[in-house]
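Trainee: Put together the whole structure using the sequences plus the hints.
Residue strings, one per chain:
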Amino acid sequence: MISPTSIAVPLLFGSVALGASAAILAWRARPNPGAVSLVWLLIGQSWWSTCIVFSLSAETAAEATFWTKVGWIGVMTVPVAWILFALEYTGRDEHITRRNVALLSVVPTLTVLLALTEEYHGLLYVRTVGVTAHGSVLVEQGGVWYSVAAVYTYLLGVLGIAPILGLLSSGATAFRGQSAALIVGVVTPWATNVLYNLGVLPEVGIDPTPIAFAISGVAYLGAIDRFRMFGANPAPAWRAKQFLFDHIHDGAVVVDGHDTIVDVNRAGAAILDVDVDRVLGRSASELLPLSEPFRAEDGAEILTVGTESTSRSYDVNVSELTDRHGETLGYVFTLHDVTQYLQQQQRLKVLNRVLRHNIRTEVNVIQGYAERTTGDTAETIKQRTMRIVEISEKGRDAIDLFEDAVNDREGTSLADLLERSLEAARDAFPEVDFELESPAEDAAVSEGLSVVVDNLIENAAIHNEGEDRRVTVTAEIDDDRARIRVADNGPGIDDYELDVLNSGTETPLRHASGLGLWLVKWGTEVIDGSVSFEPNEPSGTVVTTTVPLR
Amino acid sequence: MASETNELPASTGDFAPWRAAVPASIVDVGYRIRDVLTYSSAYLVFIAMIEVLTVHIVLSLPLNPAPVVVGLVTFAVYAGDRIADADDDAISSPERSAFVTRHRTLLSVLTAITYGLAIALSLTGGPFALAITLLPGGFWILYASDWLPTFGSYFKRLKRVLVVNSTIVASAWAIAVVGLPIAFAEASVTPLATVVFVYFLVDTFVNTEIPNVRDVKADEAVGVSTLPVVFGIRRTRRILYGLDLALIAFVVAALSSGILTTAVAAAILVGLGYALVLAWFVGRNTAPGRLAIAGEAKHLVVFALLLVFTTGV
Numbered sequence: 001m002i003s004p005t006s007i008a009v010p011l012l013f014g015s016v017a018l019g020a021s022a023a024i025l026a027w028r029a030r031p032n033p034g035a036v037s038l039v040w041l042l043i044g045q046s047w048w049s050t051c052i053v054f055s056l057s058a059e060t061a062a063e064a065t066f067w068t069k070v071g072w073i074g075v076m077t078v079p080v081a082w083i084l085f086a087l088e089y090t091g092r093d094e095h096i097t098r099r100n101v102a103l104l105s106v107v108p109t110l111t112v113l114l115a116l117t118e119e120y121h122g123l124l125y126v127r128t129v130g131v132t133a134h135g136s137v138l139v140e141q142g143g144v145w146y147s148v149a150a151v152y153t154y155l156l157g158v159l160g161i162a163p164i165l166g167l168l169s170s171g172a173t174a175f176r177g178q179s180a181a182l183i184v185g186v187v188t189p190w191a192t193n194v195l196y197n198l199g200v201l202p203e204v205g206i207d208p209t210p211i212a213f214a215i216s217g218v219a220y221l222g223a224i225d226r227f228r229m230f231g232a233n234p235a236p237a238w239r240a241k242q243f244l245f246d247h248i249h250d251g252a253v254v255v256d257g258h259d260t261i262v263d264v265n266r267a268g269a270a271i272l273d274v275d276v277d278r279v280l281g282r283s284a285s286e287l288l289p290l291s292e293p294f295r296a297e298d299g300a301e302i303l304t305v306g307t308e309s310t311s312r313s314y315d316v317n318v319s320e321l322t323d324r325h326g327e328t329l330g331y332v333f334t335l336h337d338v339t340q341y342l343q344q345q346q347r348l349k350v351l352n353r354v355l356r357h358n359i360r361t362e363v364n365v366i367q368g369y370a371e372r373t374t375g376d377t378a379e380t381i382k383q384r385t386m387r388i389v390e391i392s393e394k395g396r397d398a399i400d401l402f403e404d405a406v407n408d409r410e411g412t413s414l415a416d417l418l419e420r421s422l423e424a425a426r427d428a429f430p431e432v433d434f435e436l437e438s439p440a441e442d443a444a445v446s447e448g449l450s451v452v453v454d455n456l457i458e459n460a461a462i463h464n465e466g467e468d469r470r471v472t473v474t475a476e477i478d479d480d481r482a483r484i485r486v487a488d489n490g491p492g493i494d495d496y497e498l499d500v501l502n503s504g505t506e507t508p509l510r511h512a513s514g515l516g517l518w519l520v521k522w523g524t525e526v527i528d529g530s531v532s533f534e535p536n537e538p539s540g541t542v543v544t545t546t547v548p549l550r
Numbered sequence: 001m002a003s004e005t006n007e008l009p010a011s012t013g014d015f016a017p018w019r020a021a022v023p024a025s026i027v028d029v030g031y032r033i034r035d036v037l038t039y040s041s042a043y044l045v046f047i048a049m050i051e052v053l054t055v056h057i058v059l060s061l062p063l064n065p066a067p068v069v070v071g072l073v074t075f076a077v078y079a080g081d082r083i084a085d086a087d088d089d090a091i092s093s094p095e096r097s098a099f100v101t102r103h104r105t106l107l108s109v110l111t112a113i114t115y116g117l118a119i120a121l122s123l124t125g126g127p128f129a130l131a132i133t134l135l136p137g138g139f140w141i142l143y144a145s146d147w148l149p150t151f152g153s154y155f156k157r158l159k160r161v162l163v164v165n166s167t168i169v170a171s172a173w174a175i176a177v178v179g180l181p182i183a184f185a186e187a188s189v190t191p192l193a194t195v196v197f198v199y200f201l202v203d204t205f206v207n208t209e210i211p212n213v214r215d216v217k218a219d220e221a222v223g224v225s226t227l228p229v230v231f232g233i234r235r236t237r238r239i240l241y242g243l244d245l246a247l248i249a250f251v252v253a254a255l256s257s258g259i260l261t262t263a264v265a266a267a268i269l270v271g272l273g274y275a276l277v278l279a280w281f282v283g284r285n286t287a288p289g290r291l292a293i294a295g296e297a298k299h300l301v302v303f304a305l306l307l308v309f310t311t312g313v
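Residue numbers (this note's numbering), protein chains in the order written: chain A, 1 to 550; chain B, 1 to 313.
Certain hints may be false.
[Unchecked claim] Derived Cβ-Cβ restraints for the label pairs, each shown as a range:
1. A/266 x B/128: 35 to 45 Å
2. A/96 x B/280: 37 to 47 Å
3. A/150 x B/128: 51 to 61 Å
4. B/307 x A/168: 57 to 67 Å
5. A/244 x B/128: 50 to 60 Å
6. B/131 x A/60: 19 to 29 Å
7. A/168 x B/131: 32 to 42 Å
8. B/131 x A/176: 37 to 47 Å
[Unchecked claim] Per the computed footprint, the stretches of chain A lying under chain B, defined by three or more beta-carbons under 8 Å from a beta-carbon of chain B, are:
9. 7 to 21
10. 331 to 344
Since the hints were derived computationally from the structure, they do not count as laboratory data. Glycine is no exception: its CB is placed at the ideal position from the N, C-alpha and C atoms.
Mentor: Structure follows, in structure tokens:
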């Protein structure tokens, strides 16, 4: 009974077999993005092919017409399922709402209804035009609504292809393969349909579109099995970009080349105290201090918003967006909250002043009064007040470290730095024998190293109370790093002190005895170095500091 | 058909003396083939096709693609079921689970292609053949998934209901085995076809309950009510006796009313006698997997007897 062209029939059966197989594989891949939509697409195209097979094998004209009409259910399922699949598969599923799906289904539903009731209006007619030599009833379709349905189908086809095209240039082989297979799968039948409707293809007695579904089936099977379509899915990539933009703590404002705000993230809207939906399309100059209002502080571009007591400060960074020709498309303004950083900087400055001037002034006054008296008490007062001065100086050193003031770019001579430290130590501790083994070649290191070396040498000397007190400083250059070893023959650093240092924090009950070792630790961290402690033989400690060269 | 085995059909232990003379490589290949046939449910394909050919002979239908379609569907549904249950089978059938897990991708693609081919082939039989071909897969989808939440959960509840669960499975297969050859031949449903349908329905029901004896604990754990879970093994055995005896009475009645020929009735009655013997072993043997396979193999006995009685082969 089935007749038209010998090749068309096996291809129709093949399209059903491949479509059903791919549908089963896609169904098993649920809930991967796009799996369910692809199942519907494959069911739609398989149903279309099935109805054509039944139409061709029909014994009466009425039967053939019936199957052609019912086939429209599959015909119109395909484009809707395709656009839904494309949106889900590429991570744009935020557009898939009940409302949008209902809207997308209006034309297909009308088309099916018009096909089923075609004898009453003729907007979409289905009529028999003859019988082949093999007895197959030939059916012709047309009408105004036929053109509407065709255009709608092509439109959804193109809209679905658009987001998938972007994956053809993906860096991942799997995504390139998947997208290429999908495009072949959808373009082949649609191109066949366009050519058929334009009358370009030779007449085979039926709409040849379902025959092309055999190629689609192979393509979809290839995408699922060969390119692991539901094993490696690009959907999260698209969502991740939007998620990052929406959820980063920094504010972000996208401005086009005409000073118009085209996007702003939640943090950006909160910082600028605007509504996201209302700010889009407004002039950026109204909201962002693009030129004059920038308040420069130490060279940084700082934006301050809010009133005095509740004001917050933001470090503003402007990045230019360009097209592939290098032409400016717009700018991204990122607003990084630096309020806390600025507040800490302010507090450190106050502390620096207190440690640098106020304490020393008060100590001088105390020492002045102490000099008016004599005896052990006066001497003790002098020694203790000098100790207060030393502690305040260490505190000041610590503040200098935190202010990053010592992390200079140019650097200083390692040999000079060591000489200076040892000279000061020899003055302070004349009873200790200091020895320096300088490197064969000098190198530049961060000035911050002086705080570290000063404290290491002082620590080695001050706790050494034996007869033969020795401190040996050895420096070596190894590739791009300098290694300074400070060895003493004293009693060694207490394990308790090192434990506190390694824990990185202190409590009122568990703390080190002073600031010296903390300055060593902080100092090496600030200049990207490291420090290690080892026992010396027969007694004492070897402290090794490794720092990068400038 | 419709029952599943979770055990090897034969021991994989030490070689028997006669095997010692066979080269180890040949024995190994033999074991591999047996593993593929049992673990992938491929042996059920053969038995299912024999059942359809039995229907062809009994109803005197011309040979058509129905046996092939049923065979393809059987493989797709059972192998697909084993893929879905591979993780759960890890405890009860570790070898089978390991086999399915190792070949999961291949089996998955094979089952999809075999069902796709079955659907395409069924188109040559017309809309009814297509509908019947889709039926077992449709039931399987509703059983094994929550794709259609409302219907899916409803069917999942049915799966737990005593008798209903096995009846649904038996109905789907009986309709496929009896309905497909009729649909392909565009024949009408006669009283003889109805008798054959009832025979396959009850017989498949019995074969579905036999493996449930072994799965009592597992079924209890997941809340599935089967005959052994509700009535215990001894009473289940009696119920199976009762069903087989009722079927014998039904066949005798069909014979006496002239619907069944003597040859067909004799073949079926011998098969049912075989089933009664098997029912005696329910809960009494140590290899329930082999018992289930023996239950399926009954169809081979009936088919062979039919060939002898009707064609003199």
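Trainee: If a hint holds in the structure, say so; if it does not, say that too.
Mentor: Status of each hint after checking the structure:
1. A/266 x B/128: 35 to 45 Å: violated, 59 Å
2. A/96 x B/280: 37 to 47 Å: violated, 59 Å
3. A/150 x B/128: 51 to 61 Å: The hinted range 51 to 61 Å is violated for residue 150 of chain A and residue 128 of chain B, with Cβ atoms some 33 Å apart.
4. B/307 x A/168: 57 to 67 Å: For residue 168 of chain A against residue 307 of chain B, whose Cβ atoms are near 60 Å apart, the range 57 to 67 Å holds.
5. A/244 x B/128: 50 to 60 Å: About 56 Å separates the Cβ atoms of residue 244 of chain A and residue 128 of chain B, which means 50 to 60 Å holds.
6. B/131 x A/60: 19 to 29 Å: holds, 20 Å
7. A/168 x B/131: 32 to 42 Å: Check passed, 41 Å falls within 32 to 42 Å.
8. B/131 x A/176: 37 to 47 Å: Holds, at about 41 Å.
9. 7 to 21: holds (count 8)
10. 331 to 344: Coverage by chain B is violated for the region 331 to 344 of chain A (0 residues, Cβ < 8 Å).
Of the numbered hints listed earlier, those contradicted by the structure are 1, 2, 3 and 10.
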